[in-house]
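The listed protein sequences derive, respectively, from chains A and B.
Numbers 1 to 274, taken from the working numbering, label the letters of the first sequence in order.
Numbers 1 to 309, taken from the working numbering, label the letters of the second sequence in order.
Just so you know, nobody snuck in bad clues.
Partial chain A-side listing against chain B, Cβ under 8 Å, derived:
#1 Arg110
#2 Glu116
#3 Gly120
#4 Ser121
#5 Ser127
#6 Val128
#7 Leu130
#8 Leu134
#9 Val138
#10 Asn158
#11 Glu161
#12 Ala162
#13 Ala165
To be clear, the hints were calculated from the coordinates, so they are not data collected in a lab.
These numbers come from a predicted model, not from an experiment.
A virtual CB, placed ideally from N, CA and C, is assigned to each residue, including glycine.
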Amino acid sequence: MVEFNGQKIKDLQDKAKHIRRSIVEMVAKANSGHPGGSLSATDLVTALYFAVMEHDSQKPHWPDRDRFHMSKGHCCPLWYSVLAEAGYFPKEKLFTLRKFGSILQGHPDRRTPGVEVASGSLGQGLSVALGMSLAAKVDKKSYRVYCLMGDGETQEGNIWEAAMAVSHYGCDNLCAILDNNGFQIDGKVSAIMNIEPVADKWKAFGWQAIEIDGHDMPQILAAFQQARETKGKPSIIIARTIKGKGVSFMENVGDFHGRAPTKEETEIALKELQ
Amino acid sequence: MEQLYQRDVYGKALVELGEQHKEIVVLDADLSGSTRTSLFAKAFPERFFNFGVAEQNMMAASAGLASCGKIVFVSTFAMFATGRAWDQVRNTVCYNNFNIKIVATHAGITVGPDGASHQAIEDIALMRVIPNMHIVVPCDGPQTREAVDAAIKTPGPFYIRLGRPKITTVENKGNFILGRSQQITEGNDVTVAACGIMVQSALTAARNLAQKGIRVRLINVHTIRPIDSEAIIAAAKQTKGIVVAEEHTVIGGLASSIDEIVAEKYPVTVIRVGVKNRYGQSGEPEELLQEYNLTPADIEKAVMRIVAP
Numbered sequence: 001m002v003e004f005n006g007q008k009i010k011d012l013q014d015k016a017k018h019i020r021r022s023i024v025e026m027v028a029k030a031n032s033g034h035p036g037g038s039l040s041a042t043d044l045v046t047a048l049y050f051a052v053m054e055h056d057s058q059k060p061h062w063p064d065r066d067r068f069h070m071s072k073g074h075c076c077p078l079w080y081s082v083l084a085e086a087g088y089f090p091k092e093k094l095f096t097l098r099k100f101g102s103i104l105q106g107h108p109d110r111r112t113p114g115v116e117v118a119s120g121s122l123g124q125g126l127s128v129a130l131g132m133s134l135a136a137k138v139d140k141k142s143y144r145v146y147c148l149m150g151d152g153e154t155q156e157g158n159i160w161e162a163a164m165a166v167s168h169y170g171c172d173n174l175c176a177i178l179d180n181n182g183f184q185i186d187g188k189v190s191a192i193m194n195i196e197p198v199a200d201k202w203k204a205f206g207w208q209a210i211e212i213d214g215h216d217m218p219q220i221l222a223a224f225q226q227a228r229e230t231k232g233k234p235s236i237i238i239a240r241t242i243k244g245k246g247v248s249f250m251e252n253v254g255d256f257h258g259r260a261p262t263k264e265e266t267e268i269a270l271k272e273l274q
Numbered sequence: 001m002e003q004l005y006q007r008d009v010y011g012k013a014l015v016e017l018g019e020q021h022k023e024i025v026v027l028d029a030d031l032s033g034s035t036r037t038s039l040f041a042k043a044f045p046e047r048f049f050n051f052g053v054a055e056q057n058m059m060a061a062s063a064g065l066a067s068c069g070k071i072v073f074v075s076t077f078a079m080f081a082t083g084r085a086w087d088q089v090r091n092t093v094c095y096n097n098f099n100i101k102i103v104a105t106h107a108g109i110t111v112g113p114d115g116a117s118h119q120a121i122e123d124i125a126l127m128r129v130i131p132n133m134h135i136v137v138p139c140d141g142p143q144t145r146e147a148v149d150a151a152i153k154t155p156g157p158f159y160i161r162l163g164r165p166k167i168t169t170v171e172n173k174g175n176f177i178l179g180r181s182q183q184i185t186e187g188n189d190v191t192v193a194a195c196g197i198m199v200q201s202a203l204t205a206a207r208n209l210a211q212k213g214i215r216v217r218l219i220n221v222h223t224i225r226p227i228d229s230e231a232i233i234a235a236a237k238q239t240k241g242i243v244v245a246e247e248h249t250v251i252g253g254l255a256s257s258i259d260e261i262v263a264e265k266y267p268v269t270v271i272r273v274g275v276k277n278r279y280g281q282s283g284e285p286e287e288l289l290q291e292y293n294l295t296p297a298d299i300e301k302a303v304m305r306i307v308a309p
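Chain B extracted, bound-state conformation:
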């Protein structure tokens, strides 16, 4: 099975796209090696700007560049892009509806040993409340490239959430369409809606459950804004309930997005598999996924609570 770093895919995509699109500029805040924007910096030094450890300045400066017709890619860790510079994102990036693509890496607890201060588990929530913002959480390496392509084709601000570790490519996902989820397995017992690294875990869970005769409909909700309401309402109507799996706090992220839709349109049970209102901590990604109940077994348990309450 193919395993890729999403950041590698991102860095290479920037170099390729930078060749085609002369209006692309890239900004980073002293993490260009980790985010892989260093590849673009090497290829197009005149279109790369390092801001040092100053994310607020970087974010507001991206607006100045965008106002002059640039497509601006802004990268740093998810924690700093969405937390440290939130006001700049709200008032200066999104309020102006500028063509700014925030591609943040090291999201979620799988950042690992760096611990809680560096593990953004509330970034989707922070970005989701801002009008005009598109949010994409690619589930693997190839989908990272699709998300970046979509961001270039679609005017306006984007938040693309990438992780730190190498992740397994999810096969047979079908076409990527911004704003449309991808159904990965068919089933009418229970729906599992997942994003990011949790899609692969959910697929493992779905396969295990299939052996018990439980048919899971797995949907990859890679676009959190605008969300695929149609697929979610269909899932609410056609299956017994929805399990939502995300490497994020259970407050304000994908689960909340789905809660909001089903509560209004077709109330069904929604069970949230995510970080339960806690900070992260140091550890290896696998240890942390166990500790925070983000494993395929946790998804299976949640599905069983719907199947046999």
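Next up, chain A with everything else stripped away, as it sits in the complex:
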């Protein structure tokens, strides 16, 4: 296990809490959006943008930047909150989520600074990340590509076409992250369409599978480091997460996949996230 500076961990945890508040507030204000899966992946994406990836919000087109693609596009409240926090656009824009004329569309779109490729139609993001990874090979660049996927999303066939190709082309510059929160719109993933054994599937496709607790910051950082140090094959971080993490009445409640909290619920949620 790699050692991490305690203060750094604490800072990231605080940042994640702040981003969770922002997610709840923006979805409440929009009265629409997907809080559950945004909250489950918050620690993972916070770690990426504030400790793992090389990027510069003031130079978003810097050619050597690490790339991030959110394949589970419906969780863009998380991405938008992180991008605003990182300085890609002013934070007050967050409260325009899903509104007419906003740079923050209901699903990711290139009109948002920091979003490289639109997403929303599930199952295509790992292919997009593959394209970015191949471009790095062609250009002999050393940037890394990160792709966040949902567990329900991996029911799409396109994901497995991409899984095969990423491994075939030995894309060790690509790291996928599976937000394994166990829920999809219609209920539990295990009941709707079981994806287990997840790690075995990815290993069978030629990947290194790193299983972690997706809310444990030291484990998250160690996993990204292990992925970076592994050569010759791609890595997937299979993160056990809790849908709605951080808000007691949202945790493991399928209903909050795609519903905004009421005014009362929002107040309670923000109190819990202090």
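Assemble the complex: chain A is given as a structure, and chain B must be docked to it using the hints.
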């Protein structure tokens, strides 16, 4: 008369252009021999990626490459490029307005013996409804090269539709300008608007009709998006009606494009020569063109219905 495979022209063009444009990458899905991207693969192996039989992955991956500044050529059969991977084309290629050039071969019923599953007769319709997409249907070998050059010069997504068989070069077409049709014969009786292999058939029909004293204005509508509305409105105004000939279903393709323009701007009779809401089947291209009423004689009959209703 010169006869060329459009795919040969395409493959050679890629090799030449690949030399000049280092940002070109080429993707194929296990059909590189048939689409001729194999020529590029041999010349520039580090810029060619075979995706195996996985068109959806190929199409979405093209977006990742384009987001990093590549001009991406994506090739497979028309059926799979436009049908199998439609959502990827809509949501990930065109919505992002990326510099991705889909060059699909084996379009139409002249695929021949492979039969219905491989004969894309609805591909133009499928691509035409997607915003940002340019569509070019070259009528012969040399025009294939012109279409590829235009696609490189023009940013944004393209669909270039090529056939399987060798086709006769249409002479004296004039310059190729993206978005402008080419008038091939002059006449004010009836307009024939055609694309792809039907341009040569329409030219034969026009010559036969000329012997009967009927002057056909033949226009090669090689660019279906953006379409040359000006030439179509002029044809509606200056001739008695328009016959549209395409190796495609009569629903949603070139004929529909022209219907939409004349219905809004200057209603005239439009007669559609194309596949009439049927699947294809196995057979030699010539047999199939007969069976599906896509011959010069069929175009002549349609013209006569306007001349002498």
